[in-house]
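**Q** These protein sequence lines map, in sequence, to chains D and L. Our numbering applies: residue 1 is where the first sequence begins, and numbers increase by one. Our numbering applies: residue 571 is where the second sequence begins, and numbers increase by one.
No lab work stands behind these hints: they were computed from the structure. All values derive from a computational prediction rather than experimental measurement. Please note that the accuracy of each hint is not assured.
[To be verified] To spell it out: a stretch of chain L is covered by chain D in this simulated footprint if at least three of its residues, at any positions, have a beta carbon under 8 Å from a beta carbon of chain D; those stretches are: (1) 602-612; (2) 619-626; (3) 672-682.
[Stated by the list, open to error] Which residues of chain L face chain D? A few of them, derived with a C-beta cut under 8 Å, are: (4) 659; (5) 668; (6) 691.
[Said to hold, decoys possible] Here are some of the chain D residues that sit facing chain L, going by a computed Cβ distance under 7 Å: (7) 294; (8) 297; (9) 454; (10) 522; (11) 536; (12) 547; (13) 549; (14) 551.
Even for Gly, the Cβ is constructed at its ideal location relative to N, Cα and C.
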Amino acid sequence: MTSLADGEWHRLHPASPLLRGGIFIVAVLGFIVANLRERLIDFFFGVPGYGGDPIDEIMRRGAVGWALLIVAVVLVLILVGFYLSWRMHTFRVSDEVVEVRSGLVFRSHRRARLDRIQGVNIVRPFVPRLFGAAKLEVSVAGQDANVQLAYLGSALADALRRDILHLASGLRQPAAAAAAAAVAAAAIAAASAATTAVPNSGTEARSGAETGDFRTERASAPEFGTAEGRAPGGIRAPGGIGAAAAGIAGGIGGFAVDRANEFFAPELDPDAAPPESVVRIPPGRLIGSVFFSGFTVFLVLAGIALVVSVAFGGSGWLLVAILPGMIGSVSYYFSRFTKSLRYSIAGTPDGVRVGFGLLSTSNETLPPGRIHAIRVSQPLLWRPFGWWQVRINTAGHSTNKGAAGEANTTTLPVGTEDDVARVLELILPGFNSAEHLALISRGLRSKGGDDGFTNAPPRAAWLRPFSWRRTGYALSDGIALLRRGTVSRELILVPLARLQSVGVSQGPVLRMLRLASAGLHTVAGPVAATLSVVDAGEAVTLFERVSAGAIESAHLDTSHHWNLPNGAPE
Amino acid sequence: MPEPEAPRRLDLPGVPDWKRVSPRYVVVEIVGTVLFGLALCGGGVLLWLVVGLEWAPYLIGAIALVTLLTVLFEPRRVRAIGYQLRQDDLLFRRGIMFTRFVSVPYGRMQLVDITRGPIARWLGLADLKFVTAAASSGVLIPGLAEADAESLRDRLVELAESRRAGL
Numbered sequence: 001m002t003s004l005a006d007g008e009w010h011r012l013h014p015a016s017p018l019l020r021g022g023i024f025i026v027a028v029l030g031f032i033v034a035n036l037r038e039r040l041i042d043f044f045f046g047v048p049g050y051g052g053d054p055i056d057e058i059m060r061r062g063a064v065g066w067a068l069l070i071v072a073v074v075l076v077l078i079l080v081g082f083y084l085s086w087r088m089h090t091f092r093v094s095d096e097v098v099e100v101r102s103g104l105v106f107r108s109h110r111r112a113r114l115d116r117i118q119g120v121n122i123v124r125p126f127v128p129r130l131f132g133a134a135k136l137e138v139s140v141a142g143q144d145a146n147v148q149l150a151y152l153g154s155a156l157a158d159a160l161r162r163d164i165l166h167l168a169s170g171l172r173q174p175a176a177a178a179a180a181a182a183v184a185a186a187a188i189a190a191a192s193a194a195t196t197a198v199p200n201s202g203t204e205a206r207s208g209a210e211t212g213d214f215r216t217e218r219a220s221a222p223e224f225g226t227a228e229g230r231a232p233g234g235i236r237a238p239g240g241i242g243a244a245a246a247g248i249a250g251g252i253g254g255f256a257v258d259r260a261n262e263f264f265a266p267e268l269d270p271d272a273a274p275p276e277s278v279v280r281i282p283p284g285r286l287i288g289s290v291f292f293s294g295f296t297v298f299l300v301l302a303g304i305a306l307v308v309s310v311a312f313g314g315s316g317w318l319l320v321a322i323l324p325g326m327i328g329s330v331s332y333y334f335s336r337f338t339k340s341l342r343y344s345i346a347g348t349p350d351g352v353r354v355g356f357g358l359l360s361t362s363n364e365t366l367p368p369g370r371i372h373a374i375r376v377s378q379p380l381l382w383r384p385f386g387w388w389q390v391r392i393n394t395a396g397h398s399t400n401k402g403a404a405g406e407a408n409t410t411t412l413p414v415g416t417e418d419d420v421a422r423v424l425e426l427i428l429p430g431f432n433s434a435e436h437l438a439l440i441s442r443g444l445r446s447k448g449g450d451d452g453f454t455n456a457p458p459r460a461a462w463l464r465p466f467s468w469r470r471t472g473y474a475l476s477d478g479i480a481l482l483r484r485g486t487v488s489r490e491l492i493l494v495p496l497a498r499l500q501s502v503g504v505s506q507g508p509v510l511r512m513l514r515l516a517s518a519g520l521h522t523v524a525g526p527v528a529a530t531l532s533v534v535d536a537g538e539a540v541t542l543f544e545r546v547s548a549g550a551i552e553s554a555h556l557d558t559s560h561h562w563n564l565p566n567g568a569p570e
Numbered sequence: 571m572p573e574p575e576a577p578r579r580l581d582l583p584g585v586p587d588w589k590r591v592s593p594r595y596v597v598v599e600i601v602g603t604v605l606f607g608l609a610l611c612g613g614g615v616l617l618w619l620v621v622g623l624e625w626a627p628y629l630i631g632a633i634a635l636v637t638l639l640t641v642l643f644e645p646r647r648v649r650a651i652g653y654q655l656r657q658d659d660l661l662f663r664r665g666i667m668f669t670r671f672v673s674v675p676y677g678r679m680q681l682v683d684i685t686r687g688p689i690a691r692w693l694g695l696a697d698l699k700f701v702t703a704a705a706s707s708g709v710l711i712p713g714l715a716e717a718d719a720e721s722l723r724d725r726l727v728e729l730a731e732s733r734r735a736g737l
């Protein structure tokens, strides 16, 4: 279904300017008028200090016509502004690039090459989500280089994401042919089952079942954004609940049902992904993970300091300094909790899809080979529960906040070791043999010793008294594993095909102990792949092995077009 | 438990001939160090004469001493800077006290930057920076003769083109 990814220019959802901030402008205008109306009247009509209501005053002066005219002109100007900004904001998806043109006075034109896509993110903030709109963001490497399409119809955004990923994957033929077969099959299945399994794809299911080829419908409505805007969903059958409901309710009712279906739909687009998330986070664990965090420790310490200072008759400045922060922390806990709710992660043919959020939702797809480093870590407070967190480095950075209100780099906010294994299997495909899994497990929990990792020598205890035993590295099938930390355990995995460079260094103290430090340089992110203590001789071995491995892996890597068969010419 | 004796100093065996930077680069480093030392001394003099701190002369003396020592070690530090074009990657080293070795595969090149400071330009030298997607790579080869810098840049671009890789 290439209604939008056909190389032609398209427009966004007609309500976009309003959703992007227009509501805010209108509200501010209303606020100003409501509060300053007397001053405004004074300013325009030079009637200082009159007593009554301005409306009465206007009536008395016989200026009703003028007043209405001014209001009408302001409204028309705002609407024209919105219309023009919508009209000038167009986008195009072709086989090679995604392009966006926008701007009324200052025109901007932005292109992103499809084979350089680092991720595709669909975000549904709360208010646009109520209106059935979604924001699609194509991340490419670099600061502020993302291409953002805000807003599209919710179902359209899902379809466009699939098309973009499809084109980017290297399968050059337009997605229509392939997708049509797949969706038609899905539609028939949905029609025969008549379940609520695929509420999101209601349109496709219906048209697919009726016509056998929904492209005809698309062809009749090439400017689909416009069509959607004139009758936003009202004429569409809400596939999930069933056509009966739509027949009775129709119009507004249909719209409401449609929106409700979308609102409660699972985050994972059912016809593009295996519907089952591989990891579930029970709310209890989520609450626990937020509660047993470093922030809580800080809060408890602050509370103790507060009590002590008050008890010993402090001057009270501490109270003023800390108490507002402590009250504010409640909202911090709440937002971390809600942002991580409904977390899901699943593998799709075009990469790993991570979704989360209760009211505002976000759903990012990371194509294969876009993950530069992975860190599995366990803070001390989580150890009794056996919880771990997975964070990643990617070259593209979505401007939207990710799980737990942090940057979009937390792939698993909290999970057990089994969950970690499942997540790693998704983000490091092919690294899941028994041997690899054993290596990962030892990297997570082993106390050190001869376990496949090359560890630091005992003299490193001068610098790392607790963790020297397990500070070490291993190389296996193009992945470098760095293990470190005892108080807060960490395992870092770096796919050598993504490694930018490798360095070893040595300062005077390390030289005295015949040690060195090593660093695997990846793109910027929360994960720093460094080992602070390595045997000096071993560091040279690491340097040679990793640099040779990086060259070899990069040579074999074809993930920029991940669906091309290996070694195929571009 | 007996352990095999590890080498004290970090060095890459099997990498015999490092290409060194121009000896004239010592002048650039010395001028920079001396100017920096003079600026600090100027601050010290201000503290002494204007603010009237009595221990300021000792501070100035210490700054002068550190500057002098740095200048004395400068030739060694410059001699320690080296690079080598291997089959598939660029090797880079620098530092005596704080030694650092970096290996960058050519395919990882994002861009090559050539810059010239005022003193380096007077001496006909240029700095070459090899930029990857990782900020921590930090490969900056200073003090190359201008012609060398340009031919090295062209060579690196050519090598990167033939070993093209994504991010």
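**Q** Please verify the coverage claim for the stretch 602-612 of chain L: does it have three or more residues whose C-beta sits within 8 Å of some C-beta in chain D?
**A** With 0 residues closer than 8 Å to chain D, the stretch 602-612 of chain L misses the three-residue bar; violated.
**Q** Minimum Cβ distance from residue 668(L) to chain D below 8 Å?
**A** holds (5 Å)
**Q** Taking beta carbons only, do three or more residues of the stretch 619-626 of chain L come closer than 8 Å to chain D?
**A** violated (count 0)
**Q** Was the hint right that residue 547(D) lines chain L, CB cutoff 7 Å?
**A** With a closest approach of 4 Å, the residue 547(D) hint holds.
**Q** Is the hint on residue 294(D) kept, meaning its closest Cβ partner in chain L is under 7 Å away?
**A** violated (25 Å)
**Q** Next item in the hint list is residue 297(D). Is there a CB on chain L closer than 7 Å to its CB?
**A** Check failed: Cβ of residue 297(D) comes no nearer than 30 Å to chain L, outside 7 Å.
**Q** Take the stretch 672-682 of chain L, compare each residue's beta carbon with every beta carbon of chain D, and decide whether three or more fall closer than 8 Å.
**A** With 6 residues closer than 8 Å to chain D, the stretch 672-682 of chain L meets the three-residue bar; holds.
**Q** The hint names residue 551(D) as touching chain L; please verify it with the least Cβ-Cβ distance against 7 Å.
**A** Since the shortest Cβ distance to chain L is 4 Å, the answer is holds.
**Q** Report holds or violated for the interface hint on residue 536(D), using the least CB-CB distance to chain L and a cut-off of 7 Å.
**A** Result: holds, 5 Å to nearest chain L Cβ.
**Q** Restraint: residue 691(L) near chain D, CB-CB cut 8 Å. Satisfied or not?
**A** violated (29 Å)
**Q** Given residue 454(D) as an interface hint, is its Cβ closer than 7 Å to any Cβ of chain L?
**A** violated (13 Å)
**Q** Against chain L, with CB atoms and a cut of 7 Å, does the hint on residue 522(D) hold up?
**A** holds (6 Å)
Figure legend: structure checked against the earlier numbered hints; hints not met, in rising order: 1, 2, 6, 7, 8, 9 and 13.
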